[in-house]
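Peer 1: For chain Z, the structure is supplied; the task is to place chain U on it using the hints.
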Amino acid sequence: MNSAKGRSLWADAARRLWLNKAAVLSMAYLALMTAVCVIGPYFTGHDFSTVYQTYVRVPPSIAPYPQADAIEAELNESLKRARVEVKGWERKEGRVFVTISADKPVDERTVRYLDRSDAFDGAKVEEKSADGLTLTMSAAVSEERFLFGTDPNGRDMLTRTFVAGRVSLAIGLLAGMVAVSIGVAYGAFSGFMGGRTDEVMMRIVDVLYSLPFTFFVIMLVVFFGRNFVLMFVAVGAVLWLDMARIVRGQTLSIKRQEYVQAAEALGVGWLGILTRHIVPNILGTIIIYVTLLVPQVIILESFLSFLGLGVQEPMSSWGVLISQGARNMDGAPWLLIVPSFFLTSTLFALNFLGDGMRDALDPKDR
Amino acid sequence: MVKYVLRRLLTAIPTLFVVVTMSFFLMRLAPGGPFNQEKGLMPVIKANLERVYHLDEPLWKQYLYYLNNLAHGDLGPSYVLPDFTVAELFRVGLPVSMQLGFSALLLALTLGTFLGVIGALRQNKAADYAVITLATAGSTIPTFVIAPLIQIYFGLTLKWLPIAGWNNGAFLHQVGPVLTLSLPYVAIFARLMRGSMIEALRSNHIRTAKAMGLSDWSIIVRHAMRGALLPVVSFAGPAAAGLLTGSVVVETIFQLPGVGRYFIDAAINRDYTLVMGTVVLIAVFTILFNLIVDIIYGFIDPRVRYE
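Heads up: the sequence lines are chains Z and U, in that order.
Its first residue numbered 1, the first sequence is counted upward by one per residue in this note's numbering.
Its first residue numbered 1, the second sequence is counted upward by one per residue in this note's numbering.
Isolated chain U (complex conformation):
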């Protein structure tokens, strides 16, 4: 087990390397630079800034500098938000994004699984159609439609929720963002769970369990759900990585101080280090959560062996 984890972590390094390399050169091919502002800096100042950040050197040298710093865990300073290093920006923003993402993930997992099981148990009945409709709605209505609608209805009309803002993580301020974040995932989890649960309920071991006179509860929870959870768990990995690293749309609409919004701002402003930092962050989270999912897999499904 430990060996497996170590090997997986080792194979993650080349993946990370490729991602960093590709993003670095792709980003630098785009015209413009962090100090090409509309107002225009004095050429001397611009030259000085570029020298400080090694931007005047050949690209391959800059790339090696970046790799070297990254290997030492240094993500560098932000070019456009002066006085901040990328690590500092993450230290402030990441807890916000992770808190929201974690709540959303938890909500999506519990609600999605629950709805999926209900749908499977009541297949082709009213409850099932309700689940299917909700799942379709959740996966077709984009978040940038849901979020303003929540703001209009719960914020402006009913005045139950604040319209936007973080307010140091006050509970009511989190409700809208968490709902918006989780809805698409509730839909996907419900759909996955419903499908695999229907299949699981038809399988031989469930028929045997029924024949042996086990209670419905025991059959559903202990025997059917355990196997049926596998697809849900395997999607939970990418879902967790996506949710915990913040969402551009949700953080923009609800004006939250998370890390999701940096991605686009940084790319537009050519804040090279911040863009790279975000890329590394997302890649690390993705690798990490896929690993965690694979480990959980082994606990749920004893057939999975880590050799």
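Next comes chain Z alone, as it looks inside the complex:
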């Protein structure tokens, strides 16, 4: 005998979410973005804080630097300080051979000037003329790829964008969790206790609501100093108010249900009722709120970083990169466009996912 398998709320919601193409695509995109930001920096071939003095603010390019037509300029540039004249150069099998001459005998240590450039390494003397006035040396051309170009300090933008993404996503998730935990605990307790306690606790929320929001965050950031870990605590501590209100409202209606009264009659304590009966029943609402909260947190963090109050150099977040890009948009627009694209596309995906979650978990929409 086959009995129909019951469908739980969660199985049902998962099925509905799976049918929502925008939400599924967003999930895939977010997974990809997270993976790229977490492991990407190990594969770009650059460290996020390495400075390439030769390549400051170079535009994005698939071809490696130094570009073929830039080698001569780079040779002249790096040998200028040696006070010698470049007679001629040629490129053979990944090495450049350059002939230099001077009025006085050329010091062999001149090769070090070539090594100093990021474009060359392994420079050595090939041939020296009898009078010592002319010298031929060779150096390997070290090719560096900057797919997204470099920033005004000559650091690889690709790596920096990934590392910044780690910070932004981590802050979004962690601060979101902080906000939700505070909000759920506060709201559920307030709603469940009811009466005078509820009254006082909700008035506190009202008062916090009426404080100008940016002021609150700025004060917290000023307090905690510009500390990476404490910053998202500050952000999370501000964003819990909505969650507290929503959870309180739901708790008020759930605590009148018969099963809660039954639990009370059986002598279950208030903590037991809250954790076993009330919170699991509002989990759907909480999950919807989390997916909508994470983008808010990311925006808030970028906003603070944009104003110079957030993450500090050499660490970076998308907000820091965007602020730097906005200062350099004349002449180096990729510095603005790259991080803006990463930030906005992530926010888009999070929003679509949040909407999808809401549609999937909303019992009214069945």
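Bear in mind the hints are in silico, worked out from the structure with no lab data behind them.
Please note that a few of the clues may not be correct.
Restraint-style ranges between C-beta atoms, simulated for each label pair [stated by the list, open to error]:
no., chain 1, residue 1, chain 2, residue 2, range
1, U, 54, Z, 47, 49 to 59 Å
2, U, 99, Z, 21, 56 to 66 Å
3, U, 54, Z, 32, 56 to 66 Å
4, U, 204, Z, 275, 56 to 66 Å
5, Z, 32, U, 68, 53 to 63 Å
6, U, 69, Z, 28, 33 to 43 Å
7, U, 265, Z, 185, 35 to 45 Å
8, U, 213, Z, 28, 49 to 59 Å
9, U, 238, Z, 32, 29 to 39 Å
10, U, 199, Z, 21, 20 to 30 Å
11, Z, 10, U, 238, 34 to 44 Å
12, U, 238, Z, 330, 32 to 42 Å
13, Z, 275, U, 13, 56 to 66 Å
The C-beta atom is built at its ideal place from N, Cα and C for all residues, glycine as well.
Peer 2: For chain U alone, coordinates are given in the frame of chain Z:
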């Protein structure tokens, strides 16, 4: 009605009091002070300055001084921008912020409502998806991304607009800031309007109106939109308060002489009076506009009674 307004204004006083008290002590708990500069003032000068501004007295006394001055409408002198009182700074900056904010609010309300209605009337058609996409874009792309993009595209590439500056409020100088300010609000208004309009179009009184043979125009504008406007109006209150008191990001990026930028500068410089002034300004605007919204509510929805 007059009684209602008076009562609302009276209940605003304790709210304002709590906001002022909390901000005052929160701000003063933070380390540092307005005269702790990097260069370092001579101790005598610093002591003199602190005496003039009562900063050497106990905190509770300073708090009472501030409350007393505030009750007399005196926001005090700015500590960091010498020779200016906070009121003077507002007198210069507020018209700029309000002008931009008002234009942005007007644009957001008209465009947002219009798009929302279009979306609702063409539900699940191409026009609706366009509205939804725009609404999502407007509410996800932060202003500090939109503003530089407007500067790059319209300022640097097309050279239609000046890149930044106020230029005594010349029209072209306002276009970029107003667009940036309004876009997030256009998105929110459009979304609210679309949602409530869809609901309104399904309701019984619209079906009755259709059955009575009223024209589409009359049904949409006179019967459906009137009720559907309520959520838009109630969000317009906080939106107006936020827009008219200036935006840090927009005023920083477009280099405008408004009041929005004072907020962060003042907090970082510990310009206590200016911070408090801004807090009071925002709180007053918020209270005022929520009141105005509630009054407008009564005109739109006759079921709302002010007792």
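Peer 1: Hint by hint, which ones does this structure get wrong, listed from lowest number up?
Peer 2: Hint check: 2, 4, 6 and 13 fail, others pass.
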